[in-house]
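Enquirer: When you get a sec, could you build the whole thing from the sequences and use the hints?
There are 2 protein chains.
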Amino acid sequence: MLIVQKYGGTSVGDCQRISNIAKRVLETKKQGHKVIVVVSAMSGETDKLIGYTKYFSSLPNDREADKILSTGEIVTSALLAIALNESGYKAISLSGRAAGIKTDNIYTKAKIKSVDTKNIEKYLDDDYIVVVAGFQGYSDEGYITTLGRGGSDLSAVALAGALNADVCEIYTDVDGVFTTDPRIESRAKKIEKISYDEMLELASLGAKVLLNRSVEMAKKLNVKIITRNSFNNNEGTLITNEEQIMEKPIISGIACDKNQARIGMVNVDDKPGIAAEIFSSLADANINVDMIVQTIGRDGKTDIDFTIPKTDIALCRKLLDDFKDSTQSIEYDENIAKVSIVGLGMKSNSGVASKTFSTMASENINIMMISTSEIKISMIIDIKYAELAVRSLHSAYELDK
Amino acid sequence: MLIVQKYGGTSVGDCQRISNIAKRVLETKKQGHKVIVVVSAMSGETDKLIGYTKYFSSLPNDREADKILSTGEIVTSALLAIALNESGYKAISLSGRAAGIKTDNIYTKAKIKSVDTKNIEKYLDDDYIVVVAGFQGYSDEGYITTLGRGGSDLSAVALAGALNADVCEIYTDVDGVFTTDPRIESRAKKIEKISYDEMLELASLGAKVLLNRSVEMAKKLNVKIITRNSFNNNEGTLITNEEQIMEKPIISGIACDKNQARIGMVNVDDKPGIAAEIFSSLADANINVDMIVQTIGRDGKTDIDFTIPKTDIALCRKLLDDFKDSTQSIEYDENIAKVSIVGLGMKSNSGVASKTFSTMASENINIMMISTSEIKISMIIDIKYAELAVRSLHSAYELDK
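Sequence lines, in order, name chains A and B. Count along the first sequence starting at 1, add 10, and that's the number in the numbering used here. Count along the second sequence starting at 1, add 10, and that's the number in the numbering used here.
It is worth saying that the hints were derived from the structure and are not from the lab. Treat the numbers as computed from the prediction; the structure is a model and nothing was measured.
The list makes no distinction among identical chains, and a pair is therefore deemed to hold if it is satisfied within one copy or across any two copies.
Listed next, the in silico BS3-like pairs over lysine-lysine satisfying Cα-Cα at most 25 Å (straight line): (1) Lys100 x Lys119; (2) Lys64 x Lys33; (3) Lys64 x Lys100.
Expert: Put into structure tokens, the structure is as follows:
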């Protein structure tokens with residue numbers, strides 16, 4: 011098999027931990043597999059380097075900043091290669107450039123455009139363990155780029171896709187994806203298998219394991235991901251396409267997001283294009299609108315409710331000022347939570363919505379907004395009921411069984 | 011003019027200092043010169059990185075180790091480029107590879123073979139300040155190499171030579187080369203101009219400023235060096251060829267080396283080839299023999315005295331064991347110092363030797379070994395007289411005037 015393994019910052023946090031990772035990599039190699047390892051910078055290193063660059067400017071030259079940031083992963087990759095060499099196995103570290111990862115020219119948050127696998131394949135054929143510095147590539151202009159948050163995961167998924175690897179193992183310091191946040195519901199269980207789409211909907215559950223950018227790329231390239239804990243030998247969670255998941259659970263997991271705020275625009279003039287105007291204005295300012303609910307207009311008026319990240323409230327207030335003549339009042343509510351239940355089985359099971367709403371009702375939790383997709387129901391509720399809602403739903407769907 | 015400036019580890023020790031260096035570089039640029047800056051890693055950084063590599067092995071894979079070490083200079087060079095960009099000047103950082111510095115394949119102590127100046131010249135022509143990561147190049151095999159101790163100076167001198175720069179300024183935390191070690195003789199004076207050959211002979215005086223490897227390369231490439239202090243605006247010391255130095259002082263400086271040990275082989279069988287055998291054996295073990303004195307053989311016996319670095323004594327004892335049947339006894343004396351007086355004017359001034367010896371005699375200092383060159387007299391004396399000898403000679407030759 012060809013296996014890509016990716017180890018995050020805490021897994022390679024110091025030399026002792028890099029030594030442990032080397033043992034793990036060797037176990038895989040000794041089983042006769044071809045192994046590519048993608049590593050992050052030692053935890054704290056990237057922040058230190060960013061700190062250096064920010065000393066000189068709040069907006070340092072981004073091409074030079076990327077060159078600096080990229081050194082963190084270069085150091086870890088070469089250290090791991092040294093550790094592997096010591097065990098008598100051939101290993102070589104490759105920078106993002108040497109690994110053939112081509113990106114666009116958007117420094118500090120570059121997108122991967124293609125992967126030239128020639129160099130890696132040469133070393134794999136020559137029985138090397140190939141250690142790739144994650145989080146980086148090189149631009150059309152020939153300079154080093156970095157891929158932004160979660161970039162090392164992207165490196166791993168892109169390499170796994172380009173090389174048609176059998177699996178891409180993402181190692182972090184948690185066991186995998188859970189049915190809900192174990193800090194909210196201690197009876198949360200690790201999910202064994204989950205589809206890309208469910209994972210994307212459960213973003214907040216998976217965020218510590220894998221950002222949506224990586225899941226989206228894995229889905230596109232059809233890369234089978236296993237997220238595992240580098241500090242134990244537990245099995246982890248397999249993230250794959252729907253077809254690979256035989257037994258489709260009605261509900262896979264319950265996510266809770268407390269970082270949203272609700273904007274309620276009351277009695278907006280119900281004329282064509284008003285919603286488009288509002289949301290274009292927000293989009294132009296890069297405000298990410300999540301849920302949108304618009305009631306049917308009555309008496310030439312309509313209500314528009316939507317949610318945005320709390321951090322964008324100030325900016326949003328400023329923009330909506332332009333619409334104050336077209337609306338009776340605008341409410342800003344930060345005390346909300348979004349609770350979502352996600353499951354492939356929803357597609358073929360009716361009654362999920364009613365069970366969900368009756369669970370909420372039995373706890374006297376008022377639902378302010380609802381939005382649904384094929385595999386998800388999201389509800390906006392008062393933030394003080396967030397944990398109660400998650401626990402009630404978790405047990406109503408027997409996710410702790 | 012085309013000016014190469016090199017800043018050492020303490021000069022770029024933190025972001026504040028890098029900011030100061032940026033100001034200095036800009037002053038030069040504003041005078042209308044083309045400027046190339048070569049930088050070391052922040053002080054302490056290289057040791058930290060070496061520490062990482064040694065965690066895994068006393069002899070870590072040297073190709074990977076060089077990749078790790080090279081990141082220190084890459085970070086500093088990019089930070090300086092950021093600082094310069096902030097001031098509104100075009101600046102770009104180049105790794106040793108991008109700067110075209112080709113080396114052999116001897117990782118961790120590579121030798122520069124050639125410099126391809128195409129890339130640098132392109133940026134200079136486009137009015138960029140070019141900041142080069144010192145201490146590194148790339149091998150025939152295409153991997154990053156580092157140049158060993160003092161490597162950033164070598165980078166600077168090699169670039170100055172290849173680009174035919176008008177001057178190569180080496181910035182450290184001392185004012186230049188002194189007539190002797192100011193810790194021994196507080197009245198030591200900074201030397202204004204000195205020839206390459208004198209500088210080479212005064213190695214111990216210049217060691218903190220410039221290693222002999224760099225002086226040798228500067229001499230070969232005819233690169234004019236000025237060593238200056240990056241923390242003040244003092245003038246520094248010009249190191250150049252003899253022809254550039256109009257007024258040739260009889261004595262330029264006095265060096266003192268306490269790191270040598272004396273080996274005395276008494277009554278060695280005086281047969282042809284015995285000295286060759288002894289010194290080949292030491293050379294094969296990479297022991298650097300400095301002074302050698304052999305008396306004329308009498309009664310088929312001869313005395314051979316020589317000095318080696320103190321650190322090699324144990325190894326030397328082992329090797330000389332092979333010769334114990336050919337010699338009456340072998341003395342090992344670590345309590346010695348080598349005091350050297352150096353000056354171009356010696357060539358045309360007789361009487362230097364006698365004045366030197368009489369100065370020593372007047373202080374009752376016994377001279378154990380003497381060796382001379384055209385521009386140097388070196389003496390081995392008891393280590394306890396080292397400072398006294400230096401001060402006496404310094405004042406006898408009026409170097410404090």
